[in-house]
Amino acid sequence: MAGTAWSLDQSTVVAAAEGAPRHAALVRVTHWLTALCFLALLVSGLEIVVSHPRFYWGESGNVLTPALFSFPIPSSRATVPTGYGYVLPDQNGWSRALHFQSAWVLVLTGALYVIWGVVSGHFRKHLLPDASDRSLRAFSLALGRHLRFARPAAADAWSYNLVQRLTYILVIFVLFPLVIWTGLAMSPAFVSAVPSTVTWLGGRQSARTLHFLLTVSLVAFLLVHVAMVWLAGFGTRVMAMITGAPAPTRGPE
Amino acid sequence: MSAISRRKMITRGLAAAAGLSGLAAAGRIADRYGLLPPDHGGIYGPGETLTYAAQRLITRHSLAREFDRSQISNPPFANEIAPPSDLFKRLQAGGFKDWRLSVEGLVSQPASLSLDDVRRFPVRRQITEIACEEGWSYVAEWAGAPLADVLHAAGILPQARYVVYFSIEKGWWESIDMADALHPQTLLAYAMNDGDLPPAFGGPLRLRVPRQLGYKSVKFINRLAVTDSLKQFGKGLGSASPEGGYAWYAGI
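Keeping their order, the protein sequence lines are chains W and Z. Okay, so the first sequence: first residue is 1 according to our numbering, each after it adds one. Okay, so the second sequence: first residue is 1 according to our numbering, each after it adds one.
If we strip away everything but chain W, and leave its shape as in the complex, we get:
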């Protein structure tokens, strides 16, 4: 057992060596603001989907056109043929207001985080894989460790491993920008100023469908993320993201 790599002494040594909180204050604040906004966007977004639980591809789509896929749920609109004999109450008013307000907070928070991440070197130091890790071999090794749920090395309590780094890069620099883009592509005013926002995606309904699928992938990330935090020690990891205090890691019992 790699007990030596997981002992209290070593992590204390690492903590002393770093002399800094596990997560910088800006990371902690933007992390929780983003989490809060994401949950608000998710709930309000699902409410909006309930008013038309059908998805299409291309430019136009409505109940008279075939759906790419649809959900067998009741709708909050009587015009949608759901097969149910009842219509759910309309929740789109507050849902839309909450959706767009949360989107603004998320975008501004994200912009602050990205600017800070570049300026402070956070991305270079903590997210960009080390030069030695930039190979397919290193990645498959790390992924294998990850999938076997191998115990993390002591250093993992203080920095991200390769799989984490690549996942966070994917979420921060690919999934979030795409979900924002596809959201903007549904704004009739925004696309009047920047038509390529929607034409590059193949049309308004494609943008809506992609917006939904990207949300599904972000939810998948969230579930895996929370599961991993749970496996790594929920209390200590969550406290580290709230107070920044180093995790008092315990030996493997």
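Hints in this document: simulated from the structure, not taken from any laboratory. Remember, predicted model here, so these are calculated numbers, not experimental data. Among these hints, one or two may not hold up.
Chain W stretches covered by chain Z per the calculated footprint, using a threshold of three residues with CB under 8 Å from any CB of chain Z [to be verified]:
(1) 26 to 35
(2) 61 to 69
(3) 179 to 192
(4) 201 to 211
Quick list of simulated restraints, FRET-style, between CB atoms [as the list claims (entries may be wrong)]:
(5) W/S120 with Z/H61: 37 to 45 Å
(6) W/V119 with Z/A78: 52 to 60 Å
(7) Z/A78 with W/G244: 51 to 59 Å
(8) Z/A78 with W/R124: 52 to 60 Å
(9) Z/G234 with W/I180: 28 to 36 Å
(10) W/A78 with Z/G42: 26 to 34 Å
(11) W/A25 with Z/E104: 56 to 64 Å
For each residue, glycine too, the CB sits at the ideal point set by N, CA and C.
Mind docking chain Z on chain W? Use the hints.
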């Protein structure tokens, strides 16, 4: 220790005060440049204001997307929500000959126009998309008189800031700012896809506002009011939508 936390508290208090007065000043400036929507109050006011202000700054002269004839949706979706009133049915029975569109408020020559009067304005045809806040959409060709032409004919007074428009069906009304009212694609539409605009789609007269969601394109228009303030209309939130919990500005 206590000196530091006191200093911290004073700094934070000052920062908060500066933030609040900054916000108030930003609000006044936004209002002066027409960047404050009428429904800017309430917990979702900041989001509505940010969206409206940001989009007004980038969309002042932008045109809604127009499409090829091949992209017209066949069939289009009427989205009929309520059956027409008896008053509407009576006018429909008479071939809409007695339909009147009143133009009132801050205009030098208030008018009451028949459908033929509206048809005498130069016609604009455009193939645009109507997108519902629920998520569905269709593309159609609309033809009609640009709202700007009708307003200019009535003589818009310089203090005009909004145009309020009413459906013949009770409780159905909206308003737009002058940027959208005078926009070349904002039409008093009376025709659709090479025919008269069918009542299911808002005929005989629908205001098409293609840079905003479908709910701003009110059906069965019979009254336009030019105004400098939305306070005296309904609950003063700008239109029926915010009274029902929806955003006044639907450019999203």
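Results of checking the hints against the structure:
1. With 0 residues having a beta carbon nearer than 8 Å to a beta carbon of chain Z, the region 26 to 35 of chain W misses the requirement of three or more and the stated coverage is violated.
2. Counting residues of the region 61 to 69 of chain W whose C-beta sits closer than 8 Å to any C-beta of chain Z gives 5, which meets the bar of three, so the coverage hint holds.
3. With a cut-off of 8 Å between beta carbons, the region 179 to 192 of chain W has 7 residues touching chain Z; three or more are needed, and the interface restraint holds.
4. Coverage of the region 201 to 211 of chain W by chain Z holds [criterion: at least 3 residues with CB-CB distance below 8 Å; count 3].
5. W/S120 and Z/H61 have their C-beta atoms about 40 Å apart, which keeps the hinted 37 to 45 Å range intact.
6. Evaluation of the 52 to 60 Å hint for W/V119 and Z/A78 yields a pass: the beta carbon distance comes to about 54 Å.
7. The hinted range of 51 to 59 Å is satisfied by Z/A78 and W/G244, whose Cβ atoms lie roughly 57 Å apart.
8. In this structure the hint that Z/A78 and W/R124 lie 52 to 60 Å apart at CB holds, the actual value being about 56 Å.
9. For the hinted restraint 28 to 36 Å between Z/G234 and W/I180, the CB-CB distance of approximately 34 Å keeps it satisfied.
10. The hinted range of 26 to 34 Å is satisfied by W/A78 and Z/G42, whose Cβ atoms lie roughly 28 Å apart.
11. Against the hinted window of 56 to 64 Å, the Cβ-Cβ separation of W/A25 and Z/E104 comes to about 58 Å, which satisfies the hint.
In this structure, the one hint that does not hold is number 1.
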